[in-house]
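Protein chains: 2
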Amino acid sequence: MKDRTNHKIIDCTIRDGGLVNNWDFSVEFVQYLYKCLNEAGVDYMEIGYKNSPKLLKGSESAGPWRFLDDDFVRDVIQNKLATKLSALVDIGRVDENDILPREKSPLDLIRVACYIHEIDKALELVQLFHDRGYETTLNIMALSNVKEGQLDEAFEMISDSVVDVVYIVDSYGSLMPNDIHCLVTKFRKHLQKKRIGAHMHNNLQLGFANTLEAANHGVELLDCSVYGMGRAAGNCPTELLLAQLKNVKYSVGPVLDMIENYMIPLREKEEWGYIIPYMITGMLDEHPRSAMAFRRSAAKDKVLQFYNMLTVPDVKG
Amino acid sequence: MKDRTNHKIIDCTIRDGGLVNNWDFSVEFVQYLYKCLNEAGVDYMEIGYKNSPKLLKGSESAGPWRFLDDDFVRDVIQNKLATKLSALVDIGRVDENDILPREKSPLDLIRVACYIHEIDKALELVQLFHDRGYETTLNIMALSNVKEGQLDEAFEMISDSVVDVVYIVDSYGSLMPNDIHCLVTKFRKHLQKKRIGAHMHNNLQLGFANTLEAANHGVELLDCSVYGMGRAAGNCPTELLLAQLKNVKYSVGPVLDMIENYMIPLREKEEWGYIIPYMITGMLDEHPRSAMAFRRSAAKDKVLQFYNMLTVPDVKG
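Each protein sequence line maps, in turn, to chains X and F. Quick note: the first sequence uses the numbering used here, first residue 1, plus one each step. Quick note: the second sequence uses the numbering used here, first residue 1001, plus one each step.
Please note that the accuracy of each hint is not assured.
Claimed, not checked - Here are the simulated lysine-lysine pairs, PhoX-like style, with alpha carbons at most 25 angstroms apart: (1) 1269(F) - 300(X); (2) 1269(F) - 147(X); (3) 1302(F) - 35(X).
It should be emphasised that the hints constitute simulated quantities derived from the structure, not laboratory data.
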């Protein structure tokens, strides 16, 4: 296995896992996770979204990690340890006035998620966060559906920007390790001055394998979540990355502690992981929303019916 | 993705899955599986073990797929379709007198599982099955624990034998895609006249990824099981292989039918898959028997305790 000393692990359990349980994590849960991740040597914990509730209607019932408030975060994590804190924002959902200068905020890193056609708006936000002192990443979603020409144009804009890291995001969990290899090669060729990150989903049981493939080809920032918790099929599991990255700074024990005390009981109540409707949207390279709706229906285990709905013209209607 | 026209899929649901439920599959289950696998284009169905109950004491309670009887199999599969039938034998557990000439047997393929120090005995059995007209494979288990020198010696014996296919078996589910690439390269170099097979386990969520890696480097026979059913963490899922191998002869729908009607209800009663104690034996490159015992204990979800038992000298005791 290649040298892994430049790798950084970003645990997204609260942010991406919040998409499963509407961010209904207790303060104790988040504090225990922070302690465990720090002991395990994890580099960053993504503690939620820094979107504005004013700009995202209908989310009033969501837990506090959906709309992070700096004072609240400082109360929760009173003693910051080696593990840094990260937040994600979406285009059009962030209020500039909510973003304090970094020295007044508990956050270290702000990541901007965008689709390929939003790169210009995303880079404006990146510039703002950069100017206020934060580390920044640009997370390009749904790359499996992006055409070659669109990507070339994006590379030019990104090269000229201040962003620190550019992410390959396999939003639909549809990419194979070979696809990851091709994408990483392309990103490294066109973005020689940027670091690269990878955020993989587990629809085809390839979340970990694709993250390893990315790491083996020079991707430095590796996203994951404890016990794989994340929307639909979930993410690359943090415990697998910790166990396999050959780096003395990481240890898996503290994350097993978190799994034992919090994740196994939570998985009894909430659902994520390798579940056939998510496998089907992954193989069809589609957003999992149809599968999520199907899992909420009485027919949730009628997997052949779901497959036919998405693939047979007559059933599709 | 590479050309896949030479690939053959061997579904091991009954044989390897039997290790989960003591081969307690109904005749209807096995008949429905055979119908579905045939419609899906799967090349072989491994319908059980052809060991002798006289040579394996204490297994009297096992279902009939543990000790296949040719007349029984012929009764179950009265109309053989395109999907061929396979059985596995273990060294020292097979009675030569049970092996009919192929033209009198419903079986097409007999596979011999062995550890590296049993290759000579395994090749004697292979010769016997070959002489009676069967296709044969040699399945070398626990390759992650085999030393270079042992393997070189084995390659010589295998090259001189009549065996058709030699299998790379990741018994402990501990190998990474890079390891698979190295092993496949070595096997192909030293066994140029043999075809290669791969049987992977899912302890580290790499069953499918490792099978793909093997397939991409020229491995032709690919083992799997429906919904991943197999001992401990289970196998590469058949449905993922069918969905991703770019070959018009395969279709995933019939296997989704099997999952909907039989596998999802069965998974409610029996346990296999990505379960942390199996992940731990995989990362430690150990047989899963300690994890299987732990999962039967009251402490089954105390995953940190289990990890410490296997890794901390004081706890190991």
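Now for the hints, and whether the structure bears them out:
1. 1269(F) - 300(X): Roughly 18 angstroms separates the two Cα atoms, so the pair holds.
2. 1269(F) - 147(X): violated (45 angstroms)
3. 1302(F) - 35(X): Cα-Cα ~19 angstroms, so holds.
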